[in-house]
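Chemist: The chain contents come next:
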Amino acid sequence: MLKLSNVYAGYGGVDVLHELTVEVQAGEFVAVVGPNGAGKSTLFKTISGLITPSSGSIEFLGQDLLAVSAAKRAHLGIAHVPEGRQVFASMTIYENLEMGAYTRAGQKHWQDNLEKIYNWFPILKERQSQLAGTLSGGQQQMLAIARGLAAHPKILLLDEPSMGLSPAIADEIFERLIDIHKNSDISLMLVEQRVAEALHFASRAYVLEAGRIILSGDQDALRDDDRIRQAYLGM
Amino acid sequence: MDIAQLIENLLQSLVAGVLTGSTYGLMCVGLTIIFGVMRVINFAQGEFMMLGMYFTYFCVNFLTRQFGLEGIYLPFVVAMLAGPVIYLFGDLLHRGLLNKVSGQQGSKLEAGGHYAQLVLTLGLALLLQNAGLYFFGSTPVSVSTSLSYTAWELGSPEGISVFINQAQSLAAILAVGVVLIFGFLIAKSRLGKSLRAAADNPDAAIYMGIDVERAHRIAFGFGVGITAIGGGLLASYAPFQPYIGTEYVIIMYAGVVLGGLGSIRGAFLGGLSIGILQQVSATLLPNQLQNTVIFVCFLAVILLRPNGFFGKSGRVA
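Going line by line, the protein sequences match chains A and B. Residue 123 in the working numbering sits at position 123 of the first sequence, and the numbers go up by one each step. Residue 36 in the working numbering sits at position 36 of the second sequence, and the numbers go up by one each step.
Next comes chain A alone, as it looks inside the complex (with noise of 0.2 Å):
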């Protein structure tokens, strides 16, 4: 459904990812997972049109997406959670949501995934007419993912949804993703430092390193991976 093929891309003249040729199938939960700096934020910023790769092609639903504005992809269905949340803080939680489902899909789904938004996040229900900057780190990841949630996308982006948090608070979200993949069919892209819960979670993973993908597939091949084993897994 998504594919990257022989990106390369970067700030200002400088390409951070090489060659990259990644692929996510409808219904797929895959993770991408590399150290700091490896270039996954770069992957993400590319795919909904922040940064224009300089060469390379990425196709979503068999349409060429870099003829497409960045604004336009979100109502193609692909709904980016940003690194760092980015919720719109002086806004409430609910117009949040609001925000989340300005695609048309999401306008037309709205109520439907309200509810289902409600039910996997009952704690934004709650504090539905509260500022989205009031809210604590955690909270704000859990609106971040039912904002991409609420514009009813094909595929979710999901650019390190446990950065900052506690390791309860951030096995909560992981849980909360398997429940969202489980019931429904939006596929889902993974971007995590956290490598172990990454690959425990999604059912196919590539590592990226110094923006090249040094490694893929599928999570027990991985995870039985030597180099893996001694870099990431600590065994």
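Simulated from the structure, these hints should not be mistaken for laboratory data. Yeah, the Cβ is synthetic: ideal placement off N, Cα and C, and Gly gets one too. Possibly wrong hints are sitting among the right ones.
[To be verified] With a straight-line Cα cutoff of 35 Å, these simulated DSBU-like cross-link-like pairs (lysine-lysine) come out:
id, chain 1, residue 1, chain 2, residue 2
1, B, 100, B, 188
2, A, 3, B, 100
3, B, 188, A, 125
4, B, 108, A, 72
5, A, 72, B, 188
6, A, 116, B, 188
7, A, 116, A, 3
8, B, 108, A, 154
9, A, 72, B, 100
[To be verified] One-sided and incomplete, this derived list gives chain B residues near chain A with beta-carbon spacing under 7 Å:
id, residue
10, 200
11, 201
12, 210
13, 211
Please arrange chain B on chain A, whose structure you already have, making use of the hints.
Modeler: Chain B alone, transformed into the frame defined by chain A:
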């Protein structure tokens, strides 16, 4: 001057301050919406007010001459029309000029495009002023009707009486009306919320599918349109010439900073306060010090409450 006289003068200037301050407040709202959404400081804002004034002046004259339309309310109706007309002008200016130095394209320039914005909006101000001078002439004109010279008198048994100018009152009511409608639009409508989202976090707004460049264009159009309405209303009771914008842009900035940058309610209350301050100080101090008082207060606010009095910090648009 006896005490009754002083009270009468103070009350009179308070009334005048509230009435003119309401129009200032409206113009401040126009300025703040541009800053709040685009993060652009528009030095040409006073010139858009001037355009609103001349639009009102020429339209009223034209309608009177061509269609024999007359009436004390005509300037006020025309002043409202200045809004959409100047909105369109702002839309074009954003497409052709501002767009290049703000938003996505601005972020590629030095200091996020702020230097370029400064030079561009200052240049625009000069251009509009001189175009005004060329086309409209330097002689002050006015759009006064009999309403401008009519006042209600409120008297008390103690012999204190206060006059309430009818043109100023009508202008103030319309100004407050526009602010309320616009505030409601920003707070409740889908468009308004998308403008606030674009102001709050432009990147995240793009992730939501909001066209941030379009949001900027709309905010700029609204901002200059609203200020033009303020100019049209002001024109109904005060004479003006092409350089009037310079005088008022300072008042607008003082009001916006007083109210806290980026807040609509704050901008309106800031403009209102400036109006009251200006009129009351004129009663107590020599006329030449009228604007000095505004700046002393302005500096005091910067020193003591840099976030302004009415703006919640972090609250935009």
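Chemist: Checking against the hints above, which ones are violated?
Modeler: none
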